[in-house]
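Asks: For the record, the sequence lines run as chains A, B, C and D.
With numbering that gives the first Met the number 0, the residue at position 194 of the first sequence is 193, and numbering never jumps.
With numbering that gives the first Met the number 0, the residue at position 274 of the second sequence is 273, and numbering never jumps.
With numbering that gives the first Met the number 0, the residue at position 67 of the third sequence is 66, and numbering never jumps.
With numbering that gives the first Met the number 0, the residue at position 274 of the fourth sequence is 273, and numbering never jumps.
No lab work stands behind these hints, which were simulated from the structure alone.
Check the hints yourself; a few may be wrong.
Pairs count within a copy or across copies, as identical chains cannot be separated in the list.
To be verified - Listed next, the in silico PhoX-like pairs over lysine-lysine satisfying Cα-Cα at most 25 Å (straight line):
no.: 1; residue 1: 54; residue 2: 100
no.: 2; residue 1: 65; residue 2: 118
no.: 3; residue 1: 177; residue 2: 143
no.: 4; residue 1: 177; residue 2: 73
no.: 5; residue 1: 176; residue 2: 100
no.: 6; residue 1: 109; residue 2: 310
no.: 7; residue 1: 176; residue 2: 231
no.: 8; residue 1: 109; residue 2: 141
no.: 9; residue 1: 109; residue 2: 143
no.: 10; residue 1: 143; residue 2: 64
no.: 11; residue 1: 231; residue 2: 177
no.: 12; residue 1: 100; residue 2: 225
no.: 13; residue 1: 34; residue 2: 143
There are 4 protein chains.
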Amino acid sequence: MFSLKSRGVVQVTVNMASKGFIQNATLDFQRSFSKIGFIGLGNMGNPMVKNLMKKGHKVAVYDIKKDSVADLAKAGATGCGSVAEAVDGADAVVTMLPASKHVLDTYTRKGGILESVKKGAYLVDSSTVDPSVSQTLAPLAKEKGATYLDGPVSGGTIGAEAGTLTFMIGGEEDASKKVEPLLLCMGGRVVYCGSHGMGLVAKIANNMLLGISMLGVSEAMNLGIKLGMDPKTLMSILNTSTGRCWSSEMYNPVPGMLPNVPSSNGYKGGFGVALIAKDLGIAQSVATQSGIAIPMGAQAHQMYRMMEIKKLGDKDLAVAYKYLQGESV
Amino acid sequence: MFSLKSRGVVQVTVNMASKGFIQNATLDFQRSFSKIGFIGLGNMGNPMVKNLMKKGHKVAVYDIKKDSVADLAKAGATGCGSVAEAVDGADAVVTMLPASKHVLDTYTRKGGILESVKKGAYLVDSSTVDPSVSQTLAPLAKEKGATYLDGPVSGGTIGAEAGTLTFMIGGEEDASKKVEPLLLCMGGRVVYCGSHGMGLVAKIANNMLLGISMLGVSEAMNLGIKLGMDPKTLMSILNTSTGRCWSSEMYNPVPGMLPNVPSSNGYKGGFGVALIAKDLGIAQSVATQSGIAIPMGAQAHQMYRMMEIKKLGDKDLAVAYKYLQGESV
Amino acid sequence: MFSLKSRGVVQVTVNMASKGFIQNATLDFQRSFSKIGFIGLGNMGNPMVKNLMKKGHKVAVYDIKKDSVADLAKAGATGCGSVAEAVDGADAVVTMLPASKHVLDTYTRKGGILESVKKGAYLVDSSTVDPSVSQTLAPLAKEKGATYLDGPVSGGTIGAEAGTLTFMIGGEEDASKKVEPLLLCMGGRVVYCGSHGMGLVAKIANNMLLGISMLGVSEAMNLGIKLGMDPKTLMSILNTSTGRCWSSEMYNPVPGMLPNVPSSNGYKGGFGVALIAKDLGIAQSVATQSGIAIPMGAQAHQMYRMMEIKKLGDKDLAVAYKYLQGESV
Amino acid sequence: MFSLKSRGVVQVTVNMASKGFIQNATLDFQRSFSKIGFIGLGNMGNPMVKNLMKKGHKVAVYDIKKDSVADLAKAGATGCGSVAEAVDGADAVVTMLPASKHVLDTYTRKGGILESVKKGAYLVDSSTVDPSVSQTLAPLAKEKGATYLDGPVSGGTIGAEAGTLTFMIGGEEDASKKVEPLLLCMGGRVVYCGSHGMGLVAKIANNMLLGISMLGVSEAMNLGIKLGMDPKTLMSILNTSTGRCWSSEMYNPVPGMLPNVPSSNGYKGGFGVALIAKDLGIAQSVATQSGIAIPMGAQAHQMYRMMEIKKLGDKDLAVAYKYLQGESV
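With the rest of the complex left out, here is chain A (with noise of 0.2 Å):
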């Protein structure tokens, strides 16, 4: 079988890389972005605040949390007691908020982001929302002479803190392109996914099936574990098979399998059930509102929700394993 260093995510990043999907950081971008404003500071935007500071950076930034705040202040951050003070006069506004009412509200509302921003900033927004948002803020943007671009991330929190994120970006691309060394500081890899919206399309797409994929895996090895095979054979036999999937490969849910990942670990960290079960819910929730079946989808949802009323939320997602079994973690 092929070794577990030499396969995944990694060594794809690379080839990309060398195919020219990430453009190298041009020396000059700094002085392009000499203010960054940062909006967010929660468990992901705190590690992106600081890998923006390590690359020579200079971010304002701001939440509602003023501990949040106080914290990046100390680490040589700029501490901003409002959006407009951190907004003002920066060449690029990043903001990482949990849902689509807080991006819409601190954009439109009054002293938000729109009110102060300057002509011929870049406005990213990385937080996991209804692509609508992209599409609804991103002419209002372009009123106020300013550029929207949706850029959600995949990593998480361990991806932020190692800035090796990636960023999905809809918007003009040549906008993709200005801004895509700034995030090179905070990520590993840009994708360029198409026009507004299309980001967050493409985060919610692949979220959808991992949390189908991961739960096939979960119910798969089960099945084959309780009638009697050995779960390294069938591991093995799937992952060389046509139910090979990251999952399986590189993410397996049976304790053991794998070292280094979360089943193998309690469950602890990684992907929790609360965030698939969040994006399966934006997946729901765009499909309904445009007429699209995503049968599969719907029952994932459903099975990560249950997850979460048993109180599984904050456990990595392939802990569907366990759930299948009726065990508590």
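Chain A is already provided as a structure; the job is to place chains B, C and D on it using the hints.
Replies: For chains B, C and D alone, kept in the frame of chain A given last:
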């Protein structure tokens, strides 16, 4: 992105071989199997017999359809008028039948395999059936001094014709090694899965996961495309992210994404909806008997069943993509 | 078996009235509602306005479609060119609009209802929308000195024409009693459901259960009939056993079982697939926002969505029976 | 609202009887059934035998558990040491066994029922099993000059004790009439359902619908209550609207809604989760064999299976309401 040619199942098979999963055929194995009985000469059995004969084996064939016997007799096989005639004196007997009841009947009825099997013979059932069939027949074979193995295959009619099937074996490991040279006349890979029934369990578990993944990819691609994404961009993002799976990378269900797959050829050929529905029905049945929950497997089963009812039973399972759009093919 | 005529909703309504659920209309209520504004003149709104006029009410009507206004003006209503004109000086305003965004917009935009509503007026929204719409608008109405109620209806276009709708009211109970005489001009029953939004919650919960039951009856009848049972025998067993439900007794989806139901008339009329899909979409959205699991509701939603995609959106929801058979209607 | 006492199954039964569904017991039937064999003396069989004896019948009983035989022998039955002994000379034989394989085995094995059955005897299998069991055994019984009927029951252990079971009969109609007086010693109603297997089909179809409805009511009540509705108001709306069903009216799953139902008594007694899961498993199996789609039935099956895995197997099926809340009972 890594190239289409250098990845996937072929490469994997080679790697596995080099790591010792596949034993090289011994030169003298033809002496061990001087007569082979083969029962069940349908779309799979027919080319499997032909491949056995190409490698120099004498094969005595039987099917309830006389035409199927005559066809292979013309090609050089020994046509038989009964199971007993095909089995009599054979060193190995291969069965390739539609369903559990046919296998049980062919083995245990008056005039069946068990009545005329030679002491020391190997009996390999390559049908995809309930694992309990193997667990029922193995001890009965043992009483007769013969050795029974379950050895279902993956690869479909194309693999059967090309001689590239994968055999998944359940039963004694040394018996599996003994018949491996014989099976490699019809396939490219033999995987030992464990005790009796485990070959079937492996096949059923893998195919359940395949059935789920294909629906997941179909829903994710359909969602993204309908919301405005470019199909190839979306596919490339899935294939380099956590949604990555065989159904997306090697067998994408959207027409025009990949060459030489059924979705790019009107969903003709490939792995039929009726067959995946049958396999998911076995998974459902086995899970129910053992009190195992397979919520996603059950829903996938029902979706392929609906497609079959919609007269898509003989289309490749990737037709799920079109089904979600309410289109006929 | 108990007779078709003496059972069901009509009888129940009478019983409920006699137990005091329905207040008798006071003779002087026309004085309390000397001008009524009505906004939204579609398939539901049009006959509702006509029924108000039959009972002697003066109704000022508005719709974005001028033809709809003209049609009712011919029938005796006061045609208006704007929301403000219809609302100005009205003692009560009824809205019957397609979706949440239309209701929110019609109330809160410049020139909307809240701008020109008279102090002391009653505002009843009969649209089927997200319960949060009611919870958002009620306090805004209060600021203007008006009283807002959510009052979605059941009974469909037939009930709207016959004046037999059921109104489910959310808001203050005394306000519900005040508008009851007015609503009974358009309906046969007014049910007080609780605080703001609860009328909508009741409707959504009931329709989710209806959507699930209709699929359940369709599957049970289809299973029994395909396995050889006489359809009428099967129906009578279900109707006198634990499977008994409205969808089986009063609205059986198998053609020829009951007279005067859509299934016996080519699934024409009745409660459209597109409408139940819309209601299940609201249930899904509300459940997701509140972290509530509705696995069967979610699957029912997807099944009606698939029927809509299959161009069955304007057929009665009982067409689920035919859908399971893969037949077009 | 119509009163709890005057509605429902009891009333229905009376009405049905008056319309001739139930034949009055003839006075001389005890002569026709001078010895009755009864095999399978579990929670159902035990009280059924006692009710037969109360009506003056001589019953010869057998079970693989000797204690069960001894217990009934003390109560006046003829305890037997073998199937043959119980069947020998009996005018009628009733079987009440756990699953298809037990019924098939008890009839066809060496020393089984078919070997020692008396010419002219009636054989009624009251087990809930696959309809094909009846279709297999009926012709074998005929060869022996006996008459086989499938006669599964509804009513559970409470109905078995009270002698109010409903028997659903498949087989020849005149044979059904012949055994009716005997069955009415153990039950309150006999419904002729059609040819062999149809009694089982009726039971399976009804219970599938029950399983679906109970989940639907549980989800609808849970949704409405969590969103703020008063439970009794919500129940009364459902019960007078299109969501009305037995599971809401007669057996509401929310504690405290109805007296004397398991949900108001810690979900003890009633119809166990393990039993509805078993029945849905048979529905699934039968549907799969015949290529019938039951998407909602399949999902309901998986949900009860999950509850069973969660150690709720011996709770009443209404515990679904608690399951949705992630609570243990």
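Asks: Against this structure, judge whether each hint is valid.
Replies: Now for the hints, and whether the structure bears them out:
1. 54 with 100: Neither way: residue 54 and residue 100 sit 31 Å apart in one copy and 44 Å across, limit 25 Å.
2. 65 with 118: Classified as neither; 28 Å inside a copy, 43 Å across copies.
3. 177 with 143: within (18 Å within a copy, 49 Å between copies)
4. 177 with 73: neither (30 Å within a copy, 61 Å between copies)
5. 176 with 100: neither (28 Å within a copy, 36 Å between copies)
6. 109 with 310: Answer is neither: 38 Å inside a copy and 45 Å across each miss the 25 Å cutoff.
7. 176 with 231: Close across copies (20 Å), not inside one copy (44 Å); limit 25 Å.
8. 109 with 141: Answer is both: 18 Å inside a copy and 24 Å across each meet the 25 Å cutoff.
9. 109 with 143: both (15 Å within a copy, 23 Å between copies)
10. 143 with 64: Neither: 28 Å inside a copy, 34 Å across copies.
11. 231 with 177: between (46 Å within a copy, 23 Å between copies)
12. 100 with 225: between (45 Å within a copy, 22 Å between copies)
13. 34 with 143: Within one copy only: 18 Å inside a chain, 45 Å across chains, cut-off 25 Å.
Checked against the numbered hints listed earlier, the structure breaks hints 1, 2, 4, 5, 6, 10; every other hint is satisfied.
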